[in-house]
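Colleague: Sequence:
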Amino acid sequence: MYKVFVENRPIIICEKNTFAFDSKLLFSESIHSIEKDVFPLFEKNSPKTPIVLLTTSPETEFKRLFAKYAMIYAAGGIVRKGEEFLFIKRFGKWDIPKGKLTKTEDPQTGAIREIEEECGISGPVIEQFICETYHTYRDNHKGKNKLTLKKTSWYGMTYSGDEVLIPQEEEGITKVKWFKKSKLDKIRSNTYESILEVMDSYFGTTEDILPKKR
Numbered sequence: 002m003y004k005v006f007v008e009n010r011p012i013i014i015c016e017k018n019t020f021a022f023d024s025k026l027l028f029s030e031s032i033h034s035i036e037k038d039v040f041p042l043f044e045k046n047s048p049k050t051p052i053v054l055l056t057t058s059p060e061t062e063f064k065r066l067f068a069k070y071a072m073i074y075a076a077g078g079i080v081r082k083g084e085e086f087l088f089i090k091r092f093g094k095w096d097i098p099k100g101k102l103t104k105t106e107d108p109q110t111g112a113i114r115e116i117e118e119e120c121g122i123s124g125p126v127i128e129q130f131i132c133e134t135y136h137t138y139r140d141n142h143k144g145k146n147k148l149t150l151k152k153t154s155w156y157g158m159t160y161s162g163d164e165v166l167i168p169q170e171e172e173g174i175t176k177v178k179w180f181k182k183s184k185l186d187k188i189r190s191n192t193y194e195s196i197l198e199v200m201d202s203y204f205g206t207t208e209d210i211l212p213k214k215r
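Numbered continuously in the working numbering, the sequence shown closes out at residue 215.
Worth flagging that the hints you see were computed from the coordinates, not collected in a lab. There may be inaccurate statements among the hints.
Derived DEER-like restraints, expressed as beta-carbon distance ranges [as the list claims (entries may be wrong)]: (1) Ser123 to Ala68: 37 to 43 angstroms; (2) Leu185 to Gln109: 23 to 29 angstroms; (3) Glu36 to Glu84: 44 to 50 angstroms.
Note that beta-carbon positions come from the ideal geometry of N, C-alpha and C, so glycine has one too.
Could you put the whole structure together from the sequences, leaning on the hints where they help?
Modeller: Structure below.
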């Protein structure tokens with residue numbers, strides 16, 4: 002099964018008979034293209050309604066639908082210090098620190114590097130794998146407006162230092178802040194659907210505050 006956030010809205014590509022009928026889901030067995038079929042469905046339905054594409058081969062359909070998209074690999078994570086969790090504010094929305102992998106690094110190494118660069122801390126330690134997400138966007142670098150599909154690997158980490166948080170301003174980050182779990186509604190009310198997916202996956206493994214190791 003694949004779940005891809007297109008224009009901040011979910012498309013689920015899965016095998017037939019995976020889902021029972023649900024009025025909150027929009028089912029289809031024929032989507033020829035994102036532009037011609039998915040966008041019109043988005044316009045006619047609630048922003049929260051996932052589109053479910055039923056198929057005999059999810060991998061084949063995933064590759065076909067996103068064949069025109071350049072694939073980018075990224076990694077990041079939720080960092081915990083005691084009972085607080087680290088988030089960044091980028092382009093006016095709360096986010097989890099993450100970034101594009103170099104050609105030679107693995108996701109774990111890249112996730113740590115990106116958190117260190119974007120937040121100004123050093124030495125976060127990976128404790129668990131959280132999930133993977135896919136989302137699309139248009140890369141306007143050098144005016145190319147290129148369709149891009151980003152696959153991000155997410156990790157749960159711990160940090161025990163006391164360094165001053167420094168936002169990486171050249172990446173559009175204006176704030177880096179620790180939040181208690183009881184204050185995370187502020188994040189949830191102003192973030193992306195794919196980030197909510199990561200938060201649900203991570204905090205869904207918790208009892209009270211602290212995440213369990215997997």
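Colleague: For every hint, state whether the structure bears it out.
Modeller: Each hint tested on the structure:
Taking the beta carbon of each, serine 123 and alanine 68 are about 40 angstroms apart, inside 37 to 43 angstroms as hinted. Between leucine 185 and glutamine 109 the CB atoms are about 25 angstroms apart, so this pair conforms to the stated range of 23 to 29 angstroms. The given range of 44 to 50 angstroms is respected by glutamate 36 and glutamate 84, whose C-beta atoms sit roughly 45 angstroms from each other.
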